[in-house]
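Since each chain comes alone in its own frame, lean on the hints to assemble the complex.
Each chain, letter by letter, is given below.
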Amino acid sequence: MKALLYKEFRLALHPLCYLFIILFPLMALIPSYPLCISFIYVLCAYPILFLGANKGQQSNDLLFSTLMPVRKKDIVLARLITVTILQVVFTVLFLCLLPFGKLIYDSLNQSALSSGETPPRIPGFSYDAAVSLLSFAFIGFALTDLLFFTIYYKNGKSIVLSSLLSILTFSVLVIVFTLLLPEISNQYKVFFTNNLGYQFLFLAISLLMCGLLKFLTYKSSFNLLEKVDF
Amino acid sequence: MNNVLKVSNLTKTYPNFKLVDVSFEIKPGSIMGFIGRNGSGKTTTLKSIMNLIHYDSGDIAAFDKEMKDYELENKQRIGFTLSEIHYYPNKTIKQLSEVTSKFYRNFDMNKFKELCKFFGLDTSKKIEQLSSGMKVKYSLAIALCHNAELLILDEPTSGLDPVSRDEILDIFKQIVKSGDKAILFSTHITSDLDNCASDITYIHDGKIIYTGKKDSFINSYFYVKDNSKNVDLEKYFVSYKINDNYHEGIISSSDISHFENNDNIIIKTPDLEQIMVFLERKNNNESFTL
Chain W
1 MKALLYKEFR LALHPLCYLF IILFPLMALI PSYPLCISFI YVLCAYPILF
51 LGANKGQQSN DLLFSTLMPV RKKDIVLARL ITVTILQVVF TVLFLCLLPF
101 GKLIYDSLNQ SALSSGETPP RIPGFSYDAA VSLLSFAFIG FALTDLLFFT
151 IYYKNGKSIV LSSLLSILTF SVLVIVFTLL LPEISNQYKV FFTNNLGYQF
201 LFLAISLLMC GLLKFLTYKS SFNLLEKVDF
Chain L
1 MNNVLKVSNL TKTYPNFKLV DVSFEIKPGS IMGFIGRNGS GKTTTLKSIM
51 NLIHYDSGDI AAFDKEMKDY ELENKQRIGF TLSEIHYYPN KTIKQLSEVT
101 SKFYRNFDMN KFKELCKFFG LDTSKKIEQL SSGMKVKYSL AIALCHNAEL
151 LILDEPTSGL DPVSRDEILD IFKQIVKSGD KAILFSTHIT SDLDNCASDI
201 TYIHDGKIIY TGKKDSFINS YFYVKDNSKN VDLEKYFVSY KINDNYHEGI
251 ISSSDISHFE NNDNIIIKTP DLEQIMVFLE RKNNNESFTL
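Sequence lines, in order, name chains W and L. The numbering of the first sequence is this note's numbering, which starts it at 1 and goes up by one. The numbering of the second sequence is this note's numbering, which starts it at 1 and goes up by one.
Hints listed in this document are in silico derivations from the structure and should not be mistaken for laboratory results. In this text, all values refer to a predicted model and were calculated from it rather than measured experimentally. It is possible that part of the hints are untrue.
Below, in silico cross-link-like pairs of lysine to aspartate or glutamate (DMTMM-like), each with a Cα-Cα straight-line distance of 20 Å or less [claimed, not checked]:
no. : chain 1 : residue 1 : chain 2 : residue 2
1   : L       : K18       : W       : D229
2   : W       : K2        : L       : E71
3   : L       : K207      : L       : E71
4   : L       : K68       : L       : D21
5   : L       : K68       : L       : E25
6   : W       : K227      : L       : D69
7   : W       : K227      : L       : D56
8   : L       : K282      : L       : D232
9   : L       : K225      : L       : D205
10  : W       : K157      : L       : E84
11  : L       : K27       : L       : E149
12  : W       : K2        : L       : E84
13  : W       : K73       : L       : E71
14  : L       : K47       : L       : D122
15  : W       : K219      : W       : D229
16  : L       : K173      : L       : D161
17  : L       : K111      : L       : D122
18  : L       : K27       : L       : D215
19  : L       : K241      : L       : E280
20  : W       : K2        : L       : E73
21  : L       : K126      : L       : E98
22  : W       : K73       : L       : E273
23  : L       : K94       : L       : E114
24  : L       : K68       : W       : D106
25  : L       : K68       : W       : E226
26  : L       : K102      : W       : D229
27  : L       : K47       : W       : D229
28  : L       : K68       : W       : D229
29  : L       : K18       : L       : D205
30  : W       : K154      : W       : D229
31  : W       : K227      : L       : E149
32  : L       : K282      : L       : D255
33  : W       : K2        : L       : E98
34  : W       : K73       : L       : D69
35  : W       : K227      : L       : E280
Chain L with its partners taken away, still in its complex shape (with noise of 0.2 Å):
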């Protein structure tokens, strides 16, 4: 298996909003953080993946099987959370599961129970009973027992305190460990990808800025503040911002040797934080007065 998720040039037109050519594969072992703003079209491409959108055009294929056409064979192995939405809050996790098992060819019950244990999950509490990272400790669950090699999640820190976001992302790295699994978790808290993701898909308005590793995107720009705001130096800036007493900004790594041997100029790696908001600044043009 090359590709546990293969994206090819999807496209998707609503009346105030396109999916462009969305492409970006996943390889067996790693976790992609799929980043972008509010809107951007992450979520759009996630229920694209899982048929729950008709899509107007390009192909996608879970484990090499295009998803049209094994829809169901692929959704055994594949585990999905949609953000903020949660089934029968009003059953418990027990009579959920029950149901759940009995979709799944692979399900394993005493699994499930063993990670209930270990996620600290109690069985009879109702779904609208547990707190936001409980459900997705309990989506992670349901995923895991039905042996899903590929877990697709949409925004699952969002909304979790600190802790319950490391711990996520914890058990992120637990799941991938093994090399035959992989996933794919759609974020705007860039953050959360800096030590747990592998790769990256960047989406800016519905088309997609950037896929690869990580590392690679974050080694393409270093962060530029220039404390003599230089304006010569401006044309060189990726995209920047003009404070009172200094610019700052992302510049290609390119163009590293305009900025060196200044001592008006600091010059570091930035963080996913960083580029992905001058990034925006650069794509959004439009301005208003208040």
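Looking at chain W on its own, in the form it has when it is part of the complex (with noise of 0.2 Å):
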């Protein structure tokens, strides 16, 4: 398993997929951008680490990982961990951005209220849902993840279907989401403020499937690759 972590970071993982997950947590500085469409941007590193570098299928990453004296099972698991590595990094960043994306938002409401214009045109509930943000990002990512790694690893060559559907699935999401996050804000005034017992309950239930859904992902996954023929 240690060498096959030490592939997915020396070999497979692109240094854009390290720039995509650096740079767009950024986006949570940006004012009144919905905050959960940020999560999406994560999903555009799966091309190009599953595709193995930028010499693209040329790299046969899959091959080479399957050619070594490895289980495939532990092939799967390790590059499920580096994809949850790469979720977990994006999120802590966003998170440590948020205040930041806040204090903006507060000075910029501020300095338009004191000059007598209309304060910016930013919903409130953008940063009042953290805690809700956070639970839709895990289910977010553990959902995308079982629908790409369950469409790649079933010919070992699908990236473009997966990448489609996972981003289709995770827009859909945020639609959702989004049409659900006032009636959440409404009820749950958060963001460490009040009722933060009910928002970790979710935090913890979202976990909860989160991991249920990875585990999903890993068992039907190494499944379907131990049914590929090369």
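Structure below.
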């Protein structure tokens, strides 16, 4: 497993993946930008990672791993861990930047109010629902992993289809979440204010669901990979 | 250890192709050439050995251990390359070998550096910058550094110039010199095997035609050129070709008496290429008119 993870970070992860994961959390600083959309950009790193660096299919990443003395289920697990690390790093960076985003938002609002102008058109719940947002991100990531991995490992080739379907699914989730968000926000005014108990309960449930979905992703993906003829 | 590799009754069916009862074995210290035309089933067989393909039936054992049950252990002892397939072309030899070394228990990085020097490989070069010959040498260096006892190489000499081919074949001979290693390499360039292979396995259309000592195979045929174009002798040919002024073909060595003592007939020991060409002509009954 160690060797596989070493391979993932030394060979398979293209610098662009790092760039995406580090730069896209900066979206948390854009006033009025729908925050849950930001998480979609993690998915941009997937095709690059699965193609195995910038030579695309020529890298033969999956064949390389398969020929090594490692179990196929470890190949899938290493990839799932890599993807999860990317998601966690993205989310941590995003959360770290969120207070700064709120700061920008508040100062813009403040200056607009003091000069008698209409405050910038920013829905208040954007930052209020930070914990809900986190719950959304974990479930969104886990669902798209399930889709991406199971489509990809069916033949070890379908990067375009798996990218397309996982991005579409995430987009639908964003729409649903955005529609639900005001409701959630109204009932549980949060982000380190009140009803934190409920918020963290949601988070715990979403983490549990995320774990179960990731386990399902792992199990079904390696079962599929076992059947692939190279 | 009796066999480094034993393949028994391997069968795999594709919609348009079938590998039927493929069986052969390789002893330590031998170089086995796996010959056959393009599309005859060589790569499918080699991939099956490495569990890259799910075969329908049969058994494959390396170092007397079933590949299916001892895949990881056996893979530690096998070096494998696929024709024209290379990994991470934009990475350097150094990067790729460092990663590869993590997968093998016995990988000796110092030995790798020495071999790179010996083969003239610049470790700072990217894989895509290597010539075909250098890529084969790189694969060999990797295999030798994790002390692979069996090298399985799919068409390693394909696309190489004659000098590089000769170099690679010399390296093969050196590898098996100690007697504890073996090489199985597929090729459709039969001249590669003339001065290098001790054994051959000949596959045609998914079926094994011959497996065993190369010399026994060659000695079981004679090449005959009949300048008299004697039609009565045609029946003794295993396969033949009618040219304007002569008949030529191969005959079974047991039929040599029918051709001896005739000034119009030239009899020679055939090379592998002649045997393969005539056997393929015999087996290929399809014809077309231009």
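Right, here's what the structure says about each hint:
| no. | hint | in the structure |
| --- | --- | --- |
| 1 | L/K18 x W/D229 | 15 Å, holds |
| 2 | W/K2 x L/E71 | 19 Å, holds |
| 3 | L/K207 x L/E71 | 25 Å, violated |
| 4 | L/K68 x L/D21 | 18 Å, holds |
| 5 | L/K68 x L/E25 | 17 Å, holds |
| 6 | W/K227 x L/D69 | 16 Å, holds |
| 7 | W/K227 x L/D56 | 13 Å, holds |
| 8 | L/K282 x L/D232 | 19 Å, holds |
| 9 | L/K225 x L/D205 | 28 Å, violated |
| 10 | W/K157 x L/E84 | 18 Å, holds |
| 11 | L/K27 x L/E149 | 11 Å, holds |
| 12 | W/K2 x L/E84 | 29 Å, violated |
| 13 | W/K73 x L/E71 | 13 Å, holds |
| 14 | L/K47 x L/D122 | 30 Å, violated |
| 15 | W/K219 x W/D229 | 19 Å, holds |
| 16 | L/K173 x L/D161 | 19 Å, holds |
| 17 | L/K111 x L/D122 | 15 Å, holds |
| 18 | L/K27 x L/D215 | 16 Å, holds |
| 19 | L/K241 x L/E280 | 12 Å, holds |
| 20 | W/K2 x L/E73 | 17 Å, holds |
| 21 | L/K126 x L/E98 | 14 Å, holds |
| 22 | W/K73 x L/E273 | 44 Å, violated |
| 23 | L/K94 x L/E114 | 13 Å, holds |
| 24 | L/K68 x W/D106 | 64 Å, violated |
| 25 | L/K68 x W/E226 | 12 Å, holds |
| 26 | L/K102 x W/D229 | 25 Å, violated |
| 27 | L/K47 x W/D229 | 9 Å, holds |
| 28 | L/K68 x W/D229 | 15 Å, holds |
| 29 | L/K18 x L/D205 | 8 Å, holds |
| 30 | W/K154 x W/D229 | 10 Å, holds |
| 31 | W/K227 x L/E149 | 28 Å, violated |
| 32 | L/K282 x L/D255 | 17 Å, holds |
| 33 | W/K2 x L/E98 | 13 Å, holds |
| 34 | W/K73 x L/D69 | 15 Å, holds |
| 35 | W/K227 x L/E280 | 34 Å, violated |
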